[in-house]
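Visitor: Protein chains in written order, with my numbering: chain A, 1 to 202; chain B, 1 to 202.
The set of hints was computed from the structure by calculation and includes no laboratory data.
Just so you know, even glycine gets a beta-carbon here, dropped at the ideal spot from N, CA and C.
All clues stand as given, with none of them false.
Below 25 Å or equal to it, Euclidean Cα-Cα: the simulated SDA-like pairs (lysine to any residue) are: (1) B:K176 x A:S186; (2) B:K5 x A:D127; (3) A:K176 x B:K115; (4) A:K191 x B:L200; (5) B:K191 x A:N199; (6) A:K5 x B:D189; (7) A:K153 x B:K176; (8) A:K191 x B:A196; (9) A:K176 x B:L150; (10) B:K176 x A:D158; (11) B:K115 x A:E129; (12) B:K176 x A:L150; (13) B:K5 x A:L200; (14) B:K160 x A:L177; (15) B:K176 x A:G170; (16) B:K176 x A:L200; (17) B:K159 x A:S172; (18) A:K5 x B:Q195; (19) A:K176 x B:L167; (20) A:K153 x B:L177; (21) A:K151 x B:R171; (22) A:K5 x B:L200; (23) B:K191 x A:L188; (24) B:K176 x A:F13; (25) B:K176 x A:N163; (26) A:K153 x A:R18; (27) A:K115 x B:R134.
Computed far set for chain A versus chain B, every beta-carbon distance over 12 Å: (28) N4; (29) E19; (30) S39; (31) E53; (32) E57; (33) D81; (34) Q82; (35) Q88; (36) T91; (37) R99; (38) R136; (39) N144; (40) K151.
There are 2 protein chains.
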Amino acid sequence: MSVNKIITIGREFGSGGREIGRRLSENLGFAYYDQEIISEIAKRTSLSEKYVEAIVEQHSLFSFPIHIGRSFYPVADPALDQTLKIYQEQTRIILEMARKSDCVIVGRCADFILKEENPFRIFVYADVESKLRRCRTKGPTQENLSDRELKQKMSGIDKKRANYYELLTGRSWGNKLNYDLCINTSRLDIKLLAQALANLFR
Amino acid sequence: MSVNKIITIGREFGSGGREIGRRLSENLGFAYYDQEIISEIAKRTSLSEKYVEAIVEQHSLFSFPIHIGRSFYPVADPALDQTLKIYQEQTRIILEMARKSDCVIVGRCADFILKEENPFRIFVYADVESKLRRCRTKGPTQENLSDRELKQKMSGIDKKRANYYELLTGRSWGNKLNYDLCINTSRLDIKLLAQALANLFR
Numbered sequence: 001m002s003v004n005k006i007i008t009i010g011r012e013f014g015s016g017g018r019e020i021g022r023r024l025s026e027n028l029g030f031a032y033y034d035q036e037i038i039s040e041i042a043k044r045t046s047l048s049e050k051y052v053e054a055i056v057e058q059h060s061l062f063s064f065p066i067h068i069g070r071s072f073y074p075v076a077d078p079a080l081d082q083t084l085k086i087y088q089e090q091t092r093i094i095l096e097m098a099r100k101s102d103c104v105i106v107g108r109c110a111d112f113i114l115k116e117e118n119p120f121r122i123f124v125y126a127d128v129e130s131k132l133r134r135c136r137t138k139g140p141t142q143e144n145l146s147d148r149e150l151k152q153k154m155s156g157i158d159k160k161r162a163n164y165y166e167l168l169t170g171r172s173w174g175n176k177l178n179y180d181l182c183i184n185t186s187r188l189d190i191k192l193l194a195q196a197l198a199n200l201f202r
Numbered sequence: 001m002s003v004n005k006i007i008t009i010g011r012e013f014g015s016g017g018r019e020i021g022r023r024l025s026e027n028l029g030f031a032y033y034d035q036e037i038i039s040e041i042a043k044r045t046s047l048s049e050k051y052v053e054a055i056v057e058q059h060s061l062f063s064f065p066i067h068i069g070r071s072f073y074p075v076a077d078p079a080l081d082q083t084l085k086i087y088q089e090q091t092r093i094i095l096e097m098a099r100k101s102d103c104v105i106v107g108r109c110a111d112f113i114l115k116e117e118n119p120f121r122i123f124v125y126a127d128v129e130s131k132l133r134r135c136r137t138k139g140p141t142q143e144n145l146s147d148r149e150l151k152q153k154m155s156g157i158d159k160k161r162a163n164y165y166e167l168l169t170g171r172s173w174g175n176k177l178n179y180d181l182c183i184n185t186s187r188l189d190i191k192l193l194a195q196a197l198a199n200l201f202r
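Just chain A, with the same shape it has in the complex (with noise of 0.2 Å):
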């Protein structure tokens, strides 16, 4: 087990996991690791970063393995060769990450992956309202979505992260047994709540 302090943080689409991740790490001083995950496979793999975020975030439930880190059979075709190797090196960073200091890690089913770490894994959701709004905030790249279009973004970008999630790890994503905290954001003030948070690791 590791003695580094470890958050991992799985979120719904726009409930504001991200800023509760980032405020933490600030509050705390610990290292925060999201998109620098995709950014660090890119570099080891020598592959685009666009393209292994496309993988990565596509979570297409025939683009990467069951068995992560077991042995894997012969593979003939070249595209799920990569995929492949995508995720085998995604899991590896992770844990070196979690290894080299105390952190947080946002997504990517890292209190999974990290689970003989000991981490605090948190999962931050919020009622539909919120999360519409929030992304209205926050998102000026969806303004010429209908708040049906992107009620409907959202819900298909959960399902995406749910099945990647539960494929992975034949958890049920977002269930409160597989979390120590789960935080509703729809009326909590997030920069207070990091604040107060940030107590239990210190």
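Given chain A, put chain B in place with the hints provided.
Guide: Frame of chain A; chain B shown alone:
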């Protein structure tokens, strides 16, 4: 809406929800209501505390009305009449307590009864093994039960709580969307957590 700070705590049996509530109230200097509600009902209805507790803890599907606070059809059965009176009194007392001062209220659907007062709603849970350990440590009266019997007792109590909550509120008990914060005490230091959380209410 109340100007008071109100914290409501729903909890699985054996999860330590009551301890979190008590510690939060001590850290904050808030009033703490749990058994006090039973005593107050007994005083006002001139029924014995034992009787009131039996009715309230029984959580029977047929022992209370769905539409508390609304008009009731005429009641001929005096036992049912008394049960109705107890539940109406409980609702009234919880509202009075919340309006009197900052407070922590454990159980009794207080999150729902007080929804207009904008309470901070906590749900406390844990995995079965951890609740079992906790019951063994805290409840010496459980000593004569086997693990299997104690697990059955725990799940029976939670089943009653869930039925009671769902019938009274139309919501699903323990569903994370009904709470602001869900706390898994399986691996947490409750004392440390209560200290950290108290900062949210100062």
